[in-house]
Amino acid sequence: MYIKKILLAIVVIGLVVAAFFANFVYKAMLKPNTAFNNDKAYVYIPSNASYKDVREQLEPLLEDIESFDDVAEQKKYVSNIKAGRYAIKKGMSNNDIINSIRIGNMAIKVSFNNQPTLEKLAGRISKEIEADSIALLEAMKDDSFLLKHGFNKATALGMYIPNSYNLYWNLSAEDFRARMLEEYKRFWTAERLKKAKTINLDQNQVIALASIVHEESKQASEQPRIAGVYLNRIRIGMPLQADPTLKFAAYQLPKYKNTIIKRVLNVHKTIDSPYNTYMNLGLPPGLIAMPDISAIDAVLNYEKHSYLYFAANAKRLGFHKFAKTLTQHNINAREYQHYLSSQGINR
16 MYIKKILLAI VVIGLVVAAF FANFVYKAML KPNTAFNNDK AYVYIPSNAS
66 YKDVREQLEP LLEDIESFDD VAEQKKYVSN IKAGRYAIKK GMSNNDIINS
116 IRIGNMAIKV SFNNQPTLEK LAGRISKEIE ADSIALLEAM KDDSFLLKHG
166 FNKATALGMY IPNSYNLYWN LSAEDFRARM LEEYKRFWTA ERLKKAKTIN
216 LDQNQVIALA SIVHEESKQA SEQPRIAGVY LNRIRIGMPL QADPTLKFAA
266 YQLPKYKNTI IKRVLNVHKT IDSPYNTYMN LGLPPGLIAM PDISAIDAVL
316 NYEKHSYLYF AANAKRLGFH KFAKTLTQHN INAREYQHYL SSQGINR
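With positions in the sequence shown counted from 1, the corresponding number in our numbering is that position plus 15.
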């Protein structure tokens, strides 16, 4: 009888302990512990972050940060922080949250286009990923990297194909650069390379010409025709005489800093620059801005025709009039010049 009482007491104590432990486990690990109203909240954990850094981000999002501390300690998360962008869903328990910020690094969609310089591109990307603009720019301009992969300072921007990419937030500057090189190589398919060879241009030259085409017209429908004009000029040894290259050359000079050239004048044609395609034959040393994919493909799939000239269409702004003879081109050009003057655009 006495032994039965002891055994019963042990059982009761065991049940109490088990109940206490189960309650502790539920409260600490399984009970919902979020304090926000949205469906999700995001935390951005930097590289080399400490548990304190993570805790500071989580504290406003959780009802009970101390219970989270306990679970983080038990699951050894405090000494195994993972950098990245993580989602915490409303109603998650501490256990769920630990699992999410340990293995749930989420990619983000990063898009870019029309970036005129590496500096602008670095600034744009730094708003989306952990790497700052200085680190990105240094990686983009690294001479050894450029030389190794067939680029230089003038062509470096052409490695970045404008598009949308799924990237991890905690990418380093070097990792971002490596990913963009991978995308560049993927873009240059065997078919595109074959077309470039057909027109006797390498990849850098195709993108340089595409940048001019893109600056001339944002209308994808007429970009192949404009590309055809420039390729016709190259074929017969005629200067490109591309106004966008004159603007680019001018913007490199102190005189034109912080200005917008709305009208190309004869004075611009005298600028001493390798980008002055009125004075120099052939393509400039590199691209003058980031072209859209449509412009790159317009060069590779240029329209075959006999046009050698084009001028902006005063009656259909954004489009152009094309001509086979200089006489007809001069008529078209004067019509547009008269339009600019009527609008008070003199420079």
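Treat the hints as calculated values from the structure; they're not laboratory data. Just so we're clear, the structure is a prediction, and the values are computed from it rather than from any experiment. We put the CB at the ideal spot given by N, CA and C, even for glycine. There could be a bad hint or two in this list.
[Said to hold, decoys possible] Think about it this way: if two alpha-carbon atoms lie no more than 25 Å apart in a straight line, the pair counts; the simulated DMTMM-like pairs of lysine to aspartate or glutamate are:
{"#": "1", "residue 1": "K156", "residue 2": "E206"}
{"#": "2", "residue 1": "K91", "residue 2": "E134"}
{"#": "3", "residue 1": "K233", "residue 2": "D190"}
{"#": "4", "residue 1": "K277", "residue 2": "E350"}
[To be verified] Computed spacing ranges between beta-carbons, pair by pair:
{"#": "5", "residue 1": "I308", "residue 2": "T285", "range": "26 to 36 Å"}
{"#": "6", "residue 1": "K284", "residue 2": "H353", "range": "30 to 40 Å"}
{"#": "7", "residue 1": "I149", "residue 2": "L45", "range": "26 to 36 Å"}
Status of the hints after comparison with the structure:
Taken as a hint, the K156 and E206 pair is broken in the structure, with Cα atoms around 29 Å apart against an allowance of 25 Å. With a C-alpha separation of about 41 Å, the suggested pairing of K91 with E134 is violated against the 25 Å cut-off. For the proposed pair K233 and D190, the alpha carbon gap of about 31 Å is over 25 Å, so the pair is violated. The straight-line distance between the Cα atoms of K277 and E350 is roughly 16 Å, inside the 25 Å bound, and the hint therefore holds.
For I308 and T285, the Cβ-Cβ distance of about 35 Å falls inside the hinted range of 26 to 36 Å, so the restraint holds. Our hint of 30 to 40 Å for K284 and H353 is violated, since their Cβ atoms are close to 20 Å apart. At about 45 Å, the beta-carbon gap between I149 and L45 misses the expected band of 26 to 36 Å.
Consistency note: the structure conflicts with the earlier hints numbered 1, 2, 3, 6 and 7.
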